[in-house]
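Build out the structure end to end from the sequences listed, making use of the hints.
According to numbering that gives the first Met the number 0, numbering within the first sequence proceeds without interruption in unit steps and concludes at 350.
Hints are computed from structural coordinates only; laboratory data are not their basis. Mixed in with the good hints, there may be bad ones.
[To be verified] Okay, the calculated beta carbon distance ranges per label pair:
| # | residue 1 | residue 2 | range |
| --- | --- | --- | --- |
| 1 | 218 | 253 | 19 to 29 angstroms |
| 2 | 340 | 218 | 28 to 38 angstroms |
| 3 | 55 | 225 | 26 to 36 angstroms |
Nothing here was measured: the structure is a model prediction, and the numbers come from that model. For each residue, glycine too, the CB sits at the ideal point set by N, CA and C.
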Amino acid sequence: MGVKNISKLFDGSSYEHKKVVTFADLKDRKLGIDAFNQLYQFLSSIRDGTGQSLVDVSGRVTSHLIGILTRNSALLQNGVKPIYIFDGESHPLKSREKKRRADVKKTAQIAYDKAVSEGDTLTAQKFAKQLNYLTPQLLDDSKRLLTYMGIPIIDAPGEGEAQAAIMVKEGSLWATASQDYDAMLFGSTKLVRNLNITGKRTLAGGRVIDIKPELLELNVLLNGLNITHAQLIDLGILLGSDFNPDGISGIGPKTAYKLINEFKSFEEIEKNNTKVAEANIPYEEIREIFLNPDTHKAVKVDTSLTYDVEKIRSFLVDERGFSDDRYLRLIEKTGREIETLESQTSLDDWF
DNA sequence: CAGAAGTA
DNA sequence: TACTTCTGG
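See below:
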């Protein structure tokens, strides 16, 4: 879930904390995509009219494969360089957040079953979207397709966002791409949100709004809030992060920001605010997770991978029953566009 | 989610 | 043309 309500700190603020970008603006940029974050999005949004995941003839989910194919086709055609970063083991402090998510699913499952038995399809759809599981099969399939598309994969030892962040800091990636702001807390200097094509999103209320890719920069954010990176982390802990998901009752974005401004650090806030003190949050340990997370250091991005039209086709069409009518043109066009871009790049290099 | 098909 | 609804696996 990331840091609770952190966007409320920036939204409506006087400074420009984000700027809208196009895929053209991201040309030749290596983006570290938070794989789990994106796969969950695909799973919850790519569904049929009854709210069920799309599946192949033997019942295997294919929603994520459609998402990976279509999204990355657009990126690759525009010369954007996606790199998928998968989560590894989570920190022990995340267990509470994991339990919270499991409980949400349990509740959703009960509500789903009830809606189905009552024939309430609309409610059933709503809860079905919350019942997503990243199974080993699903992760393997994702990695297979990405590999066939020539897209590098990195398995993080811990949080994917932390791995992406360190690579952005080290310069091997240009930005982290995720919907969550956590990458900023992990120190990613750039974050791309809403990395989508159509720019439309259906909100909970059913209304459709325009969503465009946007770029956030850590230094802009910190300057705008007039705080340091360490203080942003403390702010995140006050609001409630994945490692203390309950946050502190009665302390939202406004109060948290005020406290940071007044007392500068978590230890000083704790001394001066009983609510914070009573919450008894292991802030030093959480800080350490954000400042010094478990990551692979000095990872190089493999740039030797190639886009393989035939492998993509045979996996999706032969093995998973995708319609060649619907997808072959896209697969082939992307291959041609990549070749065009590569020949242009090599010409640029020559001159 | 994203493109295709349908509608006005 | 612009906007909404449908479809995919």
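Here's how the hints hold up against the structure:
| no. | hint | result |
| --- | --- | --- |
| 1 | 218 - 253: 19 to 29 angstroms | holds (23 angstroms) |
| 2 | 340 - 218: 28 to 38 angstroms | holds (31 angstroms) |
| 3 | 55 - 225: 26 to 36 angstroms | violated (53 angstroms) |
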